[in-house]
Amino acid sequence: MAKDSKTADVLVVGAGPSGAAFTWSLSEAGVDVLCLEQGDWPDAGAYPPMFDDHEVRRQGDFNPDPNVRGLSQDYPINNAESSINPLMHNAVGGSSIHWGAHFPRLHPSDFKVKTLDGVGADWPVSYVDLEPFFDLNDKMMGVAGLVGDTAYPPKSPRQMPPIPLGVLGETMAAAFDRLGWHWWPSDSAINTIDYDGRKACNFAGPCELGCARGAKATADVTYWPRALANGARLATGARVREITIGHDGLASGVVYLDADGAVREQKARAVVMACNAIGTPRLLLNSRSLMFPDGLANGSGLLGRNLMMHPVAIVTGVFDKEVDGYKGPLACSLFSHQFYETDLTRGFVRGYGLQVVRTFGPVSAALGGIGVHARAPWGARHRAAFSEVFNHVISVAIIADDLPETANRVELDPELTDGDGIPAPRVVYKTSGNSRKMLDHGIARATELMEAAGARRVMANRQIKATGWHLLGTARMGADPGSSVVDAEGRCHDVPNLYVVDGSIFATGSAVNPTSTIQALALHIADAFKRGAGNRK
Amino acid sequence: MKARKTAFTDGQRELLTQVLDRIVPSDGGLLGAGELGAGEYVESAVAGSPPQTRLFIDGLAQIAIAGHESQSAGFADLSDERKDEVLRAVESAEPEFFEELVRHTYIGYYSDLRVVAALGLEARPPHPLGYEMEPGDLSALENVRKRGPIYREVKT
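Respectively, the protein sequence lines represent chains Y and P. Here this note's numbering is used: the first residue of the first sequence is 153, the next is one more, and so on. Here this note's numbering is used: the first residue of the second sequence is 70, the next is one more, and so on.
No lab work stands behind these hints: they were computed from the structure. Treat each hint with caution, since some may be false.
Pairs of lysine to aspartate or glutamate, EDC-like flavour, derived with a Cα cap of 20 Å [unchecked claim]: (1) LYS224(P) to GLU493(Y); (2) LYS351(Y) to GLU201(P); (3) LYS473(Y) to ASP206(P); (4) LYS473(Y) to GLU203(P); (5) LYS224(P) to ASP274(Y); (6) LYS473(Y) to GLU540(Y); (7) LYS682(Y) to GLU283(Y); (8) LYS74(P) to ASP213(Y); (9) LYS473(Y) to GLU191(P); (10) LYS351(Y) to GLU222(P); (11) LYS158(Y) to GLU417(Y); (12) LYS74(P) to ASP205(Y); (13) LYS617(Y) to GLU168(P); (14) LYS266(Y) to GLU557(Y); (15) LYS473(Y) to GLU600(Y); (16) LYS224(P) to ASP269(Y); (17) LYS224(P) to ASP281(Y); (18) LYS307(Y) to GLU203(P); (19) LYS224(P) to ASP495(Y); (20) LYS307(Y) to GLU283(Y); (21) LYS419(Y) to ASP213(Y); (22) LYS419(Y) to GLU394(Y); (23) LYS307(Y) to GLU222(P); (24) LYS224(P) to GLU283(Y); (25) LYS215(P) to ASP329(Y); (26) LYS473(Y) to GLU211(P); (27) LYS266(Y) to ASP206(P).
A few chain P residues that face chain Y, going by a derived Cβ cut-off under 10 Å, partial list only [as the list claims (entries may be wrong)]: (28) ARG123; (29) ARG151; (30) THR174; (31) ASP181; (32) GLY189; (33) LEU198; (34) GLU201; (35) PRO204; (36) VAL223.
Where a beta carbon is used, it is the ideal one built from N, C-alpha and C, also for glycine.
Same shape as in the complex, but just chain Y:
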């Protein structure tokens, strides 16, 4: 096996939003960081929305589900026993490449779930602890939004004005207003003016197929150029197989396959996992040894457990007027946190968010999917059915808080592997009874909302399977080594020079899109790392 001669001070596995933020922060302090990423640099000029067949590619090599894409940099996921399909992208920039860039923060209450509601767990960090890192991350990413949102404590000024509501957003804003419910324009990690050398959004629409303009704050165009300019190193096509352990019980580096498929060993003084809540437990579980027979950093038995993916239901209104749903960022118009905080009179604990979403183009309208719940019938009824929905629907996603349950988990599949023979993950996930009640409550409220908006027909999809965008909880953060995998500074209780900075460390799920909080946590962990640097191996 080839050995890379230079020992890295810090080795980061994964170049997505968390790995990028962490690497940049360390590079600012001159720390030597090497990041290994199994995917490649994306080619923005080749993103599907530049081409006529972009909707075709959504069904194939640019689908967010790695099982559908099946590209060489992907690994398959056995999701036969999961009510949600995990979604991800493997490239520099990670899943931010196909992400909707809806950029809310967790609420202060999300960090104290056990204390406030007697369920789940408390986090060892608070909203106040993370606030400086939320602010720093907002500046680095560039956030379009509007201060004064009554669902949050006051926030620092947003970098840019909000994304326009469009016909669709205005229709729904009027409905929220009619009902007296909270609504606010989304915080969006999308430029609405030229910012940080990147252009303003041109409202092309399908953000999830890659932003060919660089207006969406994907990690490859925000953190990475700065980190590399600071001297950080990034190797692509480098697929980590396992984390290696020294006689002292500390992480000593990784074994990986390089772009040519050669097995290599890279030594490091600290190893940082940033592979998302499926990939991180997968690699740690695959790093078994005499010292760690149940997988690395699994003394609590909770590695891979408590998987949370945010169950999503969608309610769609059909309108007589054209709503131009294909124009503008898919996930970013407006949202409501009217039902976010716990109110036990609703029959469940915790709450959910309502997110107004735009729609896809004609192919997706015909096939069904988000917003259009079933494929259009073929034959004589086809034209009428298609015309009724295409450019005439508005959808509201109900995103439920997801409480940790140990039975929801990631483990190694006994047979399935990736293209290099590395064991693939098997995901077991069941939507909880509490989440189900939330979704049903949300469907009823969103139906009222659509009626208030003037929809002439309302459709509800009780839960959508292909919504595993938010991968959380499988290496949870906590003060007690018996009930958590990492501490408040992202350090594994069992292996003090091994860190986790991705969504795995969420102690509870919240009911918001997590990237803003994932990155704020990565910056917080990087800050603690820099303060403690030199005290480690």
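Assemble chain P onto chain Y, guided by the hints.
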């Protein structure tokens, strides 16, 4: 091995065209999926995959057989109503094939720029030109502000 681009004989292609015209029939101004040439996309989509090719060759054979059983005639010679009856019978007997047939037909048809233009959209990809959007009216936020904070205070 290089992915194949063709999968069907001329006869299968003709049958496919007839079938696609019933999946998405013509509608005055808009051609049906068969006449428009969506069959070309369907063929290219299945040609790269031997199991899909097999599924489609068998499925098309089922349609041809069912057409003969229905009226001792080729599918092309049946009335539209009889064609739809035949297709419904095959849909029920071979659901996997039929779902894939419909799926590929819709993808091929609705990604064709002539169809996109007929739907009133600009016949071009979303990038690099994008679209115009009006800023929108945010004045009703004043009512949200008036109602005051709704987040739960947490003691630190």
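Q. Given GLY189(P) was flagged as interface, is its beta-carbon under 10 Å from a beta-carbon of chain Y?
A. Holds - the Cβ of GLY189(P) comes within 10 Å of chain Y, reaching about 8 Å at its closest.
(Q) Please check whether LEU198(P) passes as an interface residue: C-beta within 10 Å of a C-beta belonging to chain Y. (A) With Cβ-Cβ at 7 Å, under 10 Å, it holds.
Q.
Does THR174(P) hold up as a contact with chain Y if the rule is Cβ-Cβ below 10 Å?
A. Status holds, d = 8 Å.
Q) Between LYS224(P) and ASP495(Y), does the CA-CA distance stay at or below 20 Å? A) This hinted pair holds, its Cα atoms lying about 19 Å apart.
**Q.** Restraint status (C-alpha distance of LYS158(Y) to GLU417(Y) at most 20 Å)
**A.** OK: LYS158(Y) and GLU417(Y) at ~11 Å, within 20 Å.
Q | Holds or violated: LYS307(Y) to GLU283(Y), with C-alpha atoms at most 20 Å apart | A | 9 Å, holds
Q: Please work out if LYS473(Y) and GLU540(Y) have their alpha carbons no farther apart than 20 Å.
A: 10 Å, holds
Q | Agreement of hint ARG123(P) with chain Y interface, Cβ distance less than 10 Å | A | With a closest approach of 19 Å, the ARG123(P) hint is violated.
Q. When you check the alpha-carbon spacing of LYS473(Y) and GLU600(Y), does it fall within 20 Å?
A. With Cα atoms ~19 Å apart, LYS473(Y) and GLU600(Y) stay inside 20 Å; holds.
Q.
Would the hint on GLU201(P) be counted as holding, given a Cβ-Cβ threshold of 10 Å to chain Y?
A. 7 Å, holds
Q: Compare the distance between the alpha carbons of LYS307(Y) and GLU222(P) with 20 Å, and conclude whether the hinted pair is satisfied.
A: 15 Å, holds
(Q) For the restraint on ARG151(P), tell me whether the closest CB of chain Y is nearer than 10 Å. (A) 13 Å, violated
Of the numbered hints given earlier, the model fails hints 10, 18, 21, 26, 27, 28, 29; all others are met.
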